[in-house]
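The hints should help you fit chain B onto chain A, whose structure is shown.
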Amino acid sequence: MLMIAISLYVTSVQAAEVSPGLGQSIDSEEVSSVDISIDPRGENLPAGSGTAVSGATVYADKCAACHGTDANGGDGLADSLVGGIGTLATEKPVKTVISYWPYATTLFDYTRRAMPLDAPMTLTDEEVYAVSAYLLFLGGVIEETHELNAQSLREVQMPNRDGFQSVWPDM
Amino acid sequence: MADSSDISPVSSARRIALKAGLKLGALAGGAGLVGAGQVSAAATPDPLITEVQDWNRYLGDGVDANPYGKPSVHESDAVRRTVSWLTADNKSSINFTPLHKLDGIITPNGLCFERHHGGVADIAPGDHRLMINGLVETPLVFTMEDLERFPRESHVYFLECAANSGMEWRGAQLNGCQFTHGMVHNVMYTGVKLKHLLAEAGVSPRGKWLLPEGADPSHMTRSIPIDKAMDDCMVVFRMNGEALRPEQGYPLRLVVPGWEGNMWVKWLRRLEIGDQPWHHREETSKYTDLLADGTARRFTWTMDVKSIITNPSPQSPIRHGRGRTVLTGLAWSGHGTVKRVDVSIDGGRNWSTARLDGPTLAKSLHRFYYEFDWDGSELFLQSRAIDEQRQVQPTKDALRAERGVNSIYHNNGIQTWHIRPDGSAENVEVS
Numbered sequence: 000m001l002m003i004a005i006s007l008y009v010t011s012v013q014a015a016e017v018s019p020g021l022g023q024s025i026d027s028e029e030v031s032s033v034d035i036s037i038d039p040r041g042e043n044l045p046a047g048s049g050t051a052v053s054g055a056t057v058y059a060d061k062c063a064a065c066h067g068t069d070a071n072g073g074d075g076l077a078d079s080l081v082g083g084i085g086t087l088a089t090e091k092p093v094k095t096v097i098s099y100w101p102y103a104t105t106l107f108d109y110t111r112r113a114m115p116l117d118a119p120m121t122l123t124d125e126e127v128y129a130v131s132a133y134l135l136f137l138g139g140v141i142e143e144t145h146e147l148n149a150q151s152l153r154e155v156q157m158p159n160r161d162g163f164q165s166v167w168p169d170m
Numbered sequence: 000m001a002d003s004s005d006i007s008p009v010s011s012a013r014r015i016a017l018k019a020g021l022k023l024g025a026l027a028g029g030a031g032l033v034g035a036g037q038v039s040a041a042a043t044p045d046p047l048i049t050e051v052q053d054w055n056r057y058l059g060d061g062v063d064a065n066p067y068g069k070p071s072v073h074e075s076d077a078v079r080r081t082v083s084w085l086t087a088d089n090k091s092s093i094n095f096t097p098l099h100k101l102d103g104i105i106t107p108n109g110l111c112f113e114r115h116h117g118g119v120a121d122i123a124p125g126d127h128r129l130m131i132n133g134l135v136e137t138p139l140v141f142t143m144e145d146l147e148r149f150p151r152e153s154h155v156y157f158l159e160c161a162a163n164s165g166m167e168w169r170g171a172q173l174n175g176c177q178f179t180h181g182m183v184h185n186v187m188y189t190g191v192k193l194k195h196l197l198a199e200a201g202v203s204p205r206g207k208w209l210l211p212e213g214a215d216p217s218h219m220t221r222s223i224p225i226d227k228a229m230d231d232c233m234v235v236f237r238m239n240g241e242a243l244r245p246e247q248g249y250p251l252r253l254v255v256p257g258w259e260g261n262m263w264v265k266w267l268r269r270l271e272i273g274d275q276p277w278h279h280r281e282e283t284s285k286y287t288d289l290l291a292d293g294t295a296r297r298f299t300w301t302m303d304v305k306s307i308i309t310n311p312s313p314q315s316p317i318r319h320g321r322g323r324t325v326l327t328g329l330a331w332s333g334h335g336t337v338k339r340v341d342v343s344i345d346g347g348r349n350w351s352t353a354r355l356d357g358p359t360l361a362k363s364l365h366r367f368y369y370e371f372d373w374d375g376s377e378l379f380l381q382s383r384a385i386d387e388q389r390q391v392q393p394t395k396d397a398l399r400a401e402r403g404v405n406s407i408y409h410n411n412g413i414q415t416w417h418i419r420p421d422g423s424a425e426n427v428e429v430s
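As you go down the protein sequences, you meet chains A and B in turn.
Each step along the first sequence adds one to the number in numbering that gives the first Met the number 0, with nothing skipped, and position 46 is 45.
Each step along the second sequence adds one to the number in numbering that gives the first Met the number 0, with nothing skipped, and position 371 is 370.
Treat the hints as calculated values from the structure; they're not laboratory data.
Using N, Cα and C, we set each Cβ at its ideal position, and we do this for glycine too.
Some clues are possibly wrong.
[To be verified] Result set (BS3-like, lysine-lysine): computed pairs, CA atoms no more than 27 Å apart in a straight line:
1. B:227 - B:285
2. B:90 - B:227
3. A:91 - B:207
4. B:227 - B:194
5. A:61 - B:227
6. B:227 - B:207
7. B:207 - A:61
[Said to hold, decoys possible] Computed list of chain B residues with no C-beta within reach of chain A, every gap over 12 Å:
8. 64
9. 241
10. 417
Bound conformation, chain A alone (with noise of 0.2 Å):
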């Protein structure tokens, strides 16, 4: 009896879904040290700024040995990263981050989470304003002396920003 009573117990305690209180909380810096993500908003941007002019010599130093001199692609090594515009519809659709991406902070997301591919994350932010400057600059979106900070380059408007139809119901 005494044992039956007892595994009664054991069993509606295991059912019920009380929170186990595992894991530790962190204060607002550890967690902007790593809270590297931006959205189109760019409310997450750093502190910063850049033109393409100096952008002209971080790529030349940083992106070119893959990317090409002109950002067309090295030799066959590495994405395209300017041109295409009026591609999409085509045989050979060219999509770059100047003919397809719709955002530019996505430019600047992936720029200081991923390149240059081998050796991600060493960009200080103002050389990730600064190429995303010459890139776009690059593919005619910006002019050359427009800087980049937190502020402008939310309000960059890509070529392709209406290029996208989501799928998901929700959107």
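Chain B in isolation, oriented as in the chain A frame:
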């Protein structure tokens, strides 16, 4: 074999079998090769049966020769393979599961295809942290030990890369199901439902999206609707019973059942809750499906119903000649279970229902078989799966009519293998 002989047992047996086959042909006058084995054994004894073989008398390795067991040396071609020209750099590249070498529904851990964007991260589990931040009441960090103290569950799910079969949009291209369909694997995962972790942090009512992020150098990110995250997503630390393999995200990966593999972020280090999608590189530049009119479909996450005949196929030709032939393959759907698989041997003119074998689990690979007597004439093999939502796997032409040929992703069209009279097979399309 006598020790003095320099002829190997295998080649002498083969020669004998051939001779016997010729004799039989002369005697039976075109009755075919069926039964040749028995007759030859009677005519000329098979040394593999009558003679003592090396493995009958020389002791093999004892226990512990391989503390972690490996496949037989005779299975050395059951390996992942890559196609070097598909990607620019092997640190951001792919290889393919050898589907034609496998049976049943589970993919062995060492054969699960790989796709990395910054190489395989090497993380000591004691050093790994999972953070939950964004629109939550309490941002939290978990250690691996914390995660193992949540209620664990095990589920079998397929993971298919959205670009699986992506080379085939413009026509038959790669010769072998490993290359046309090998960016899929099926594993029993053990881990914790994501909803339990999110409940600990307390998701704000404004939290509609989840951004998982990897700890590898690519810091992979994708946006996932919170409803999916709360439904069946898991964070997992085991695959097929053992710890995740490094190339599959050790020590922690996300599982997003039925949805494209890129979302199953490996080396998972952070889960951010937000109120709108982030539109990151892997959900804008990549994993969006360009249509013929130049616009692109995005958020095409579910892997639609699909199937493939794994044997016979270009890497697994028919070697036994005419007679009883076992056709087998895999079917799956990101919408749930597969209800039926049909098979055609004449390029889609006539269809027969295949036999589904083994467990029928939602969002898991299913195994099918179809046994038939091959008359030695050429065949055009096709399979067509139908899932629990009655979605029918489309022909490639039907897909192209709807989506053009520039989509790259989500090609679930019906595959054709041309079997020639000599049993060899080739990737073709029929019209």
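Here is what the structure says about each hint:
Of the pairs offered as hints, the one joining residue 227 of chain B and residue 285 of chain B holds, with about 21 Å between alpha carbons and a cut-off of 27 Å not exceeded. Using a Cα cut-off of 27 Å, the hinted pair residue 90 of chain B and residue 227 of chain B is violated, with the two alpha carbons roughly 30 Å apart. With a C-alpha separation of about 37 Å, the suggested pairing of residue 91 of chain A with residue 207 of chain B is violated against the 27 Å cut-off. The suggested pairing of residue 227 of chain B with residue 194 of chain B holds, with an alpha-carbon distance near 10 Å, which does not exceed 27 Å.
Straight-line distance between C-alpha atoms of residue 61 of chain A and residue 227 of chain B comes to about 39 Å, which puts the hinted pair past the 27 Å bound. A C-alpha spacing of about 10 Å is found between residue 227 of chain B and residue 207 of chain B, which places the hinted pair at or below 27 Å, so the restraint holds. Distance restraint check for residue 207 of chain B and residue 61 of chain A: the Cα-Cα separation of roughly 37 Å exceeds the 27 Å cut-off, and the hinted pair is therefore not satisfied. Remark: the non-interface label on residue 64 of chain B is consistent with the geometry, its nearest Cβ contact in chain A lying 39 Å away (cut-off 12 Å).
Every CB of chain A is more than 12 Å from the CB of residue 241 of chain B (nearest about 24 Å), matching its label as outside the interface. Distance to chain A confirms residue 417 of chain B as a non-interface residue, since its nearest Cβ pair spans about 27 Å, more than 12 Å.
Taken one by one, the earlier hints fail for this structure at numbers 2, 3, 5, 7, listed in ascending order.
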